[in-house]
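Following the hints, put chain H in place on chain V, whose structure we already have.
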Amino acid sequence: MTPLVTIRDLDKSFPGVKALRKARFELLPGEVHALMGENGAGKSTLMKVLAGIYQKDAGEILIEGKPADIASPRAAQDLGISIIHQELNLMNELTAAQNIFIGREPKQAMGFLLDEGALNRATAEIFSRMNLALDPRAEVGDLTVAMQQMVEIAKALSFRSRVLIMDEPTAALNKAEIAELFGIIRQLKSEGVGIVYISHKMDELKEISDRVTVMRDGEYVGTVPTDSTSVDTIISMMVGRSLTETKTDVPDLSSHDVVLEVRNLRRSNAIQDVSFKLRKGEILGFAGLMGAGRTEVARAIFGADPLDGGDIIVRGRPVTIRSPKDAVRLGIGYLSEDRKRFGLATGMDVAANIVMPCLSKFLSLNMIIKARAIRETARSYIKQLRIKTPSDAQEVRFLSGGNQQKIVIAKWLARDCEILFFDEPTRGIDVGAKNEIYKLLNTLAAQGRAIVMISSELPEILRMSHRIAVMCEGRLTGELPADGATQEDIMRLATQRHSLTADGPNAAIGEATT
Amino acid sequence: MLSQGAWQKILAFASLIALMAVFSIASENFLRSDNLIGILQATAVNGVLAVAATFVIITGGIDLSVGTLMTFCAVIAGVVLTYWGLPMPLGILAAIAAGALSGAVSGTLIAKMKIPPFIATLGMMMLLKGLALVISGTRPIYFNDTPNFSMISQESLIGAVLPFLPIPNGVLILFIVAVVSSLVLTRTAFGRYTFALGSNEEAVRLSGVNTDFWKIIVYTVSGGICGIAGLIIASRLNSAQPALGQGYELDAIAAVVIGGTSLSGGRGTILGTIIGALIISVLTNGLRILSVAQEWQTVVTGIIIILAVYADILRRRS
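Heads up: the sequence lines are chains V and H, in that order.
Counted the way the numbering used here counts, the first sequence spans residues 60 to 573.
Counted the way the numbering used here counts, the second sequence spans residues 807 to 1124.
Fair warning: there could be bad hints in the mix.
What the hints assert, rightly or not - Pairs of lysine-lysine, DSS-like flavour, derived with a Cα cap of 27 Å:
1) V/Lys498 / V/Lys336
2) V/Lys339 / V/Lys384
3) V/Lys493 / V/Lys442
4) V/Lys442 / H/Lys920
5) V/Lys125 / V/Lys115
6) H/Lys920 / V/Lys115
Worth flagging that the hints you see were computed from the coordinates, not collected in a lab.
The shape of chain V in the complex, shown without the other chains:
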């Protein structure tokens, strides 16, 4: 049987990052092929190259044995390749049918006016093939996320694609919807369509896929048949790399005060009954896969998002946090994972950014800015955090990612925050700068500040944390002591969905403290 898709030795770089290195992949007709790997392993990038969204730097792609040059999304569609993106790409103001046939609208005889009737009929036909009760004329913006996902799938089906790429298709679906989706996938399979299925969810892979290809750090690790391979084997293929960094010593913190305690935090499905304690001088690692609810918990404690219920206790006193302003007054700081969007005014200089949250401390008559005091403060932080910048008057956008991150940290230190949430503190910064950030976190902890570090990189979690909390689907699935914890332990907790827990083989290792 000629494979539908063969990818060999594919390279792809982005400025500063080598995203794919000699990546390989093969897809047979009528096969569901799962593509797995940690966040940042290169799965999505590889599939975006196949779908014509990115262009390869080197390597070759064969479609049904023939070399193909996939220069654009349109070229991919012409070759019968469709992709359903993780972040939905729909036009909210258009109807479902209009979305599905965008760019390929049926025309009336004259070839000028659209044939809206044919458009809706064709869409209704696809929906009925999917057993989907949805009006083709429904405006997409009014639909639930699950329904929007179905519209995306219908769109892919409308191309009569031979290759269908699904990037985390079940992220927003409930069980019944997932069952429906799997029904559709099986039907497509029987029609000879090849499906690439990107997912982190082990139970789903076991149920739906025929083979699994694992990627790590942009490279091909291996391909195994799903039936005869255990979940543990797949996890160890994903994790694979050996830990070379030295682990920091875990101090004995049992005598330290609890500075932050949260009990039974809840918000719809995003945060389900989350409780934990944080001690003075402690670094609590928050591990889990993307979308596990870690950022949501941090933002909720910080008052950036509302909560349905739960208690927050700061230094022994129950508090109500309605907005970030309340949180900051209580000495809680949150360092966003997206520095550029939320953390920094990149067009302003270093000094202005550092004093931004505490500008009122640098005013005379509550109005006039004390420029000299600001510069002195800025310089002391530049020195203390070893920020590499020509001066405090340099615009932040000219600094490297690591130094930008340090400026965000300086902002919250200037504000005297005792409790700091670091959300992916080393994302997008190079190895050397990472080490500097690690040292800084250790120093801050040694000074008595309490730190929650959210990270999707397991080696980072293992290296830095004094204690590790793992989340999955909005729940705290377990807590591990830093000593002796392995990447496999964390992965098991991070993929521990309700369905798996029920089966029992990988039951919870640690209970969440309450």
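This is chain H only, laid out in the frame that chain V set:
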């Protein structure tokens, strides 16, 4: 349940009727047929410009150059007809082509060179104003050598057939432009892409549609319609007045916004825009009949715009 756009249209239409009711009670002159025709006549130019702006605003863009582009096109018609003495159809063609070409330039600046629409069309606004003055030598160009030119806006084809309905041709042109534009927006692929671009440009691009090309076409069509507005105003004044034009873009954008087209793109209707343009004309006319000073008319228009958009925001929030 009615869609958001439908609600906004009903709201705008109700405001129009309410305004007319208030003015007809306040002044018996308001509902006289010559006054109503005067209102329509006054709406013709702003209405056509507002239709042009609607296309662009639905894509999530903005066009500040519609007013001075209109004047530029009128001057081009003057050059072709008065300076060169060519026949009238060529003058009409030249004005519309000049508009389309200028729109294509704006579209290229925005789609290909990635200049934000506000800046690109601000530049075009000033550039066109200057060019109109340079070409005309800062003096009006009269159309005395083309006696039929006044027909475009002033005479009434409808009145020739139905003597009791002496609606000027300028209004007829507005009607035709509006109906055709509405059909194009709702019934053609081009119209579909116009909405899609404003709704989620990246999604359109990933669907394999050439977004840059269609964006340029949107601005080109919009520019061509500005050329039509240029012909109407030149015909009404029997001259191309090169100093005119700036300020018209704001009235046009106001009409679009009052008519319920979202400035963030993806939503909008031509019918709404026409109602919006009528509201502005009725307001101006009614306040003038009531002898309210012109300065105050501007103040009231400003308040109406803010209220119209706020009403929209309130409803969206609920």
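Q | Unsatisfied constraints (hint numbers, rising) | A | 4
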